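Based on the hints, put chain B in the right spot on chain A.
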Amino acid sequence: RKEVEQDPGPFNVPEGATVAFNCTYSNSASQSFFWYRQDCRKEPKLLMSVYSSGNEDGRFTAQLNRASQYISLLIRDSKLSDSATYLCVVLFGNFNKFYFGSGTKLNVKP
Amino acid sequence: SAVISQKPSRDICQRGTSLTIQCQVDSQVTMMFWYRQQPGQSLTLIATANQGSEATYESGFVIDKFPISRPNLTFSTLTVSNMSPEDSSIYLCSVTGDSSYEQYFGPGTRLTVT
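Going down the list, the protein sequences come from chains A and B. Numbering-wise, the first sequence is residues 132 to 241 according to this note's numbering. Numbering-wise, the second sequence is residues 5 to 118 according to this note's numbering.
No lab work stands behind these hints, which were simulated from the structure alone. It should be emphasised that the depicted structure is a prediction, and the values quoted were computed from it without experimental measurement. Ideal Cβ positions, reconstructed from N, Cα and C, are used throughout, including at glycine. Honestly, I wouldn't trust all of these hints.
[As the list claims (entries may be wrong)] According to the in silico footprint, chain B covers these stretches of chain A (three or more CB under 8 Å from chain B): (1) 176–186; (2) 213–222; (3) 228–240.
[Unchecked claim] Within a straight-line C-alpha distance of at most 16 Å, the following computed EDC-like cross-link-like pairs (lysine to aspartate or glutamate) qualify: (4) B:K11 to B:D30; (5) A:K228 to B:E62; (6) A:K228 to B:E106; (7) A:K176 to B:E106; (8) A:K236 to A:D213; (9) A:K240 to A:E146.
[What the hints assert, rightly or not] Label pairs and their computed distance ranges (CB to CB): (10) A:Y182 to B:S85: 37 to 43 Å; (11) B:S57 to A:N153: 33 to 39 Å; (12) A:E187 to B:G56: 36 to 42 Å.
Extracted from the complex, chain A is given alone in its bound form (with noise of 0.2 Å):
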């Protein structure tokens, strides 16, 4: 079994839709919690770090269910500029070793 285990893509969805994108982890002292955002040819950047119940930034919202051992991402009213691969990101321990999932990839079209 993988570290990180992403929901296997691509997402196609129109314009203003919500799309959610789950990621499961299989070491329950795993310590933080990441989405990063892909895109084409381009380095990973951050999008939100996930601590404790989860937080908000604007439309984006990410979940953390330490009991289940998943987090979630949540995008209301897509973009077309969020069209990307998305990546779940796990630190385990206080190794500081960061296992990354094998991305999403969401399509959002007019």
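Structure of chain B alone, referenced to chain A:
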């Protein structure tokens, strides 16, 4: 957030040669990481480079193939040695802040080995 630059941005190299990639950060950071991202894949950690100590390599990566230097708190290099076409990939460096675990990435070096 830190501003990170990498050189070169891309290169095409012949098999059997070596390439050294530089990573420069605009502020002092303790931890630097080197990743590889093969086409259509997610990121794979090669090694963690802390200033003043030997780099820590992940399973499947060895120092002879990927020697790393970390001479100070703002700079690191990764060398890809004796290259083969399987080394064709994007190589990214990243840093974390000393007070948070948020990672910031350099723009990457796109390597093609022929």
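Now the hints, each set against the structure:
Using a Cβ-Cβ cut-off of 8 Å, 3 residues of the region 176–186 of chain A lie near chain B, which meets the minimum of three, so the contact claim holds. Look at the region 213–222 of chain A against chain B: 3 of its residues bring a Cβ nearer than 8 Å to a Cβ of that chain, three or more, so the hint holds. By the rule of at least three residues with a Cβ nearer than 8 Å to a Cβ of chain B, the coverage given for the region 228–240 of chain A holds, with 6 such residues. With a C-alpha separation of about 14 Å, the suggested pair B:K11 and B:D30 falls inside the 16 Å cut-off, and the hint holds.
Only pairs whose Cα atoms come within 16 Å are accepted, and A:K228 paired with B:E62 is accepted, the gap being roughly 10 Å. Note on A:K228 and B:E106: the hinted pairing holds, with a Cα-Cα distance of about 12 Å set against a maximum of 16 Å. A distance of roughly 10 Å separates the Cα atoms of A:K176 and B:E106; the hinted pair therefore holds under the 16 Å criterion. Annotation: proposed proximity of A:K236 to A:D213 holds, straight-line Cα distance about 10 Å (limit 16 Å).
Straight-line distance between C-alpha atoms of A:K240 and A:E146 comes to about 6 Å, which keeps the hinted pair within the 16 Å bound. For A:Y182 and B:S85, the Cβ-Cβ distance of about 40 Å falls inside the hinted range of 37 to 43 Å, so the restraint holds. Between B:S57 and A:N153, the C-beta spacing of about 37 Å keeps the proposed range 33 to 39 Å intact. Separation of A:E187 from B:G56 is about 40 Å and conforms to the stated range, judged on CB atoms against 36 to 42 Å.
Checked against the numbered hints above, the structure breaks none of them.
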